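Taken in order, these protein sequences are the chains called F and U.
For the first sequence, position 149 matches number 129 in this note's numbering, and the numbering has no gaps at all.
Take the position in the second sequence, starting the count at 1, then add 8; the result is the number in this note's numbering.
Fair warning: there could be bad hints in the mix.
[To be verified] Label-pair distances were calculated between CB atoms; the ranges are:
{"hint": "1", "chain 1": "F", "residue 1": "I740", "chain 2": "U", "residue 2": "D46", "range": "21 to 27 Å"}
{"hint": "2", "chain 1": "F", "residue 1": "S556", "chain 2": "U", "residue 2": "P42", "range": "41 to 47 Å"}
{"hint": "3", "chain 1": "F", "residue 1": "P750", "chain 2": "U", "residue 2": "D46", "range": "29 to 35 Å"}
{"hint": "4", "chain 1": "F", "residue 1": "I550", "chain 2": "U", "residue 2": "P42", "range": "21 to 27 Å"}
{"hint": "5", "chain 1": "F", "residue 1": "I550", "chain 2": "U", "residue 2": "W36", "range": "32 to 38 Å"}
Don't read these hints as lab results, they were simulated from the structure.
These figures come from a predicted structure and were not determined experimentally.
Here a beta-carbon is modelled for each residue, glycine too, at the ideal position from N, C-alpha and C.
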Amino acid sequence: MNLLFVVLIPLMGAGLTAWISRFGRLWSAWMAGLVALAALGCLSPSVLAAFGGETLIQRWPWIPELGLELAFRLDGLGLAFTAMVLGIGLLVILYARYYLSERDDMGRFYAFLLLFMGSMLGVVLAENLILLLIFWEMTSLSSFLLISYWRHEEEARNGARMALAVTGFGGLAMLGGFLLLGEMVGSYDLSQILQAGDQVRADPLYTPMLVLILLGAFTKSAQFPFHFWLPHAMAAPTPVSAYLHSATLVKAGIFVLARLFPVLSGTIEWNWLVVGTGLTTLLVGAWFALFQHDLKGLLAYSTISHLGLITLLFGLGTPLAAVAGIFHVLNHATFKASLFMAAGIIDHECGTRDMRRVNGLWRYMPYTATLAMVAAASMAGVPLFNGFLSKEMFFTETASFLAEHPMGWLLTVAVAFAGIMAVAYSLRFSHDVFFNGEPVNLPRKPHEPPFWMKAPVEILVAICLVVGILPALTVAPLLQVAAASLLQEPPPSYDLAIWHGFGLPVVMSGVALIGGLVVYAERRPLFEIADQLKGRLDARAVFDHLLARLYTFARAVTGVLDRGSLQRLILLLLLSAIGLGLAGAIGSGSPLTGERPRMPIDGVTLFIALALALVSGATLLLHRLRLTALIVMGAIGLMVSLLFVKFSAPDLALTQLTVEVVTVVLLLLALYFLPARSPAESPLWRRLRDLGLALAAGGGAGALAWSILTRDYDPISDYFLANSVPGGGGHNVVNVILVDFRGFDTLGEISVLALAGLGIYAMLFKLHLPGPMHNPLGRPWNWDRHPDIMAALARLLLPLALLVSVFIFLRGHNQPGGGFIAGLVTAAALIMQYLTNGVAWTHRRVSSNMHPLIAAGLLVATGTGLASLVLGYPFLTSTFTHVHWPVVGDFELASAMIFDLGVYLVVVGSTLLILVHLGLMHSASHTPAIEAMRGTAWKS
Amino acid sequence: MLNPANLLELAILIGQGLVTAALALTLWRLLSGPEKPDRILALDTLYVNAIALLVLIGIQRNSSLYFEAALLIAMMGFVGTVALCKYLLRGDIIE
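Isolated chain F, as found in the complex (with noise of 0.2 Å):
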């Protein structure tokens, strides 16, 4: 059971971590370390189990109609990769409360790095391959939220744009590769499918699905060519590179490598594949790392060549390479997160961090500087780190090729010039910073930061400095079972030992080194050379341009579909109607009249039909006069509602009724800013075109109601009609429909409908729009503003009208009515009170802010559903008893109601939003008053 609440206890915690931050700024740094604390907490009771061998496998159905269950693994592998997150995750959580300054909003940081966190935790911990795939792509959204952190700057947001663009594009081809190889296995289960290798290998599909696979796995792990997005990624604050680009985020795609090797891995498209792209990857990272004058950039240019390592380890296919790669990715991720931590202690402390003005800090930080060297000393494979261990792995895994291939001489010098550069850059990241004479116009004097900011530093440090010194006694446990799962057999000896004695391994680690020093004293001509590249090689160029490109596409297509102009897409979407329902009709070859006997027609009805007919050809002669129309389709609304008590449809009638009313005050608040004619726009032959259009689409309609209701057919009312009682408990047939047979849909339509109201307040937010200061005849408006009887009269009708609500709400079950009509009523009767008393008359009285009134709907209705969850019922069950109440005798009580109560409270609540925010658009710009009080109205 825990591993899904090792997942979701981050996910959830985010809310209340962004919740909690209004108490206080230091409240939601504490909430996050708790979060993930628990998080670690629930995981520890499987950690023995995974640390003897054990796959811990837990499943809980989802949707069992698609196959998806939410199925997670603990192994190994898994372990590794879960240690990493949420114990550099903790580290980053402390570190963050000292980095983030007075001015950036807590609560919502540590709520998008714990979202991030549960996704990542998801990404190591899924056993199902598309699980696996939502949570990764929840990895991209978290982190383009975080880069995106700062977002008054430009840099911030378009690095963050170019992230989710290059890992969502990835995000898509994984998608596809892991559809094809769901399929090839039969089963999306990974236990499944790494016993499936050799099938997998031997499918004519093989090779597209493993570049796809390979594209989500690159992009994400800044492989070249899809390397940029990582550095541009640096404008995100600090602990988020320190947490994403060194330690986790871009660990996912080498996570991908690493569990899905024993499937793919063993094949020559996967050796050449991933070779290829790693040793590139590795140059091309280490060669521009030396070339920053940013202290991130170079740690981002770095991180990428590190991946390019691991990846390179990986392609290389054998058990070995695969332990190095795994061995490293625990290293890189130790090393990396401290350097990147211990950047920005310098950025904070000095305001800056151009290595060309950062200079000589020594002086000024020595704890810190000495930190942040063991951690560079790492990162070059210096002997007694940690970083050396699994450099000297990786020395030994190619120049293990020397003698199996021919080109095997290529990689080893390959593989040494990148750790000459590995040394280069370290030395500048060390010496640059540290020493080399004097800081240069700083903003501010730099000193040793507060304690707590240093003691993340310290620990990832000391991993370093332990595991470099003793493995055997401290990583080898771990990187024993991680190696075990990931190759799904016992891994090969091997030797965890700082000395292996002489040989190839050890001749380039001393290669390394010393070529390192060499380039870094003659550094001079190469950043020279360098500079001239630099124009040249611009990936952001192409990617920019690539990007104008795809939007031209996109606004081409959608030209091409749609020109601006609603009659044009009107014109088409009747054509096309006419002619399928044409040829429908031509096809069938039955009559237009069926054989079932017609109802008598009494006079009323008739009279009411003529009616009707009369007020809407009117409507139509009358529609440029906008008032008048608006006056006259008021009857087509009461002629429609009078029909619908005709044909036995009473809660169509008074929801026709109830809307109708909200509409004319809508279209009149709309009417005061248009002119009061309707001017005619398009020329006569347009109109003549129009006319006839309209009448065969009119015409067609009406011939299709005609032959439907003169035959006998067999509509699906019946079921509801037969089910409604005993199933639902009510005997309002359209209410049991509502909140009960399909509550679900009314759950989503009251969350549109909250939704549209938020969306209309926000769109009117601070929009003042001037009002005509005259009525259309020219003369000025009247100066009483609400008379007197008619604001005496609509008070007193105001508990007349809730009474009805509350009449029509309470019978909604069994008579006409329900929470629908008795929402849009108390509505109707509050917006009366706005109309004849004023605005600021009713606000004194009524609360202006209905986003509570419509949270709290959104929550009845959905804690309904979710309490029949929690009693084992599917979603939204519904149950009802029968109470014998004193004196109103036998009464119904049907959970159902209180899902009424839900979307009667959002309905009130958003018809009363958008329509009082539309009438205080304009009142604004001639009643200063009101304008004071709205500023209020929205602080409260």
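Chain F is already provided as a structure; the job is to place chain U on it using the hints.
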């Protein structure tokens, strides 16, 4: 002959006829105007007539199903009339 039950039935029939005639006349006023207040008043009268018609039909069929519709027309019709009048008066209906 005229007994009490028949009397009620007859009264309802006559009432329906009269209300329908009233509906027709108000409809004429709604369409012919000439001024906007005429039309608004006509619409309001149309609501009143519709309530009468619904209640009469309800009594005739001995059914309570028509009651809610009549109730809501009474309420909502009034709100609509108030909104239209406020528009004529001030243009700005929520201020």
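Cross-check of the supplied hints:
no.	hint	result
1	F/I740 <-> U/D46: 21 to 27 Å	34 Å, violated
2	F/S556 <-> U/P42: 41 to 47 Å	43 Å, holds
3	F/P750 <-> U/D46: 29 to 35 Å	31 Å, holds
4	F/I550 <-> U/P42: 21 to 27 Å	34 Å, violated
5	F/I550 <-> U/W36: 32 to 38 Å	34 Å, holds
Going through the hint list in order, the structure does not satisfy hints 1 and 4.
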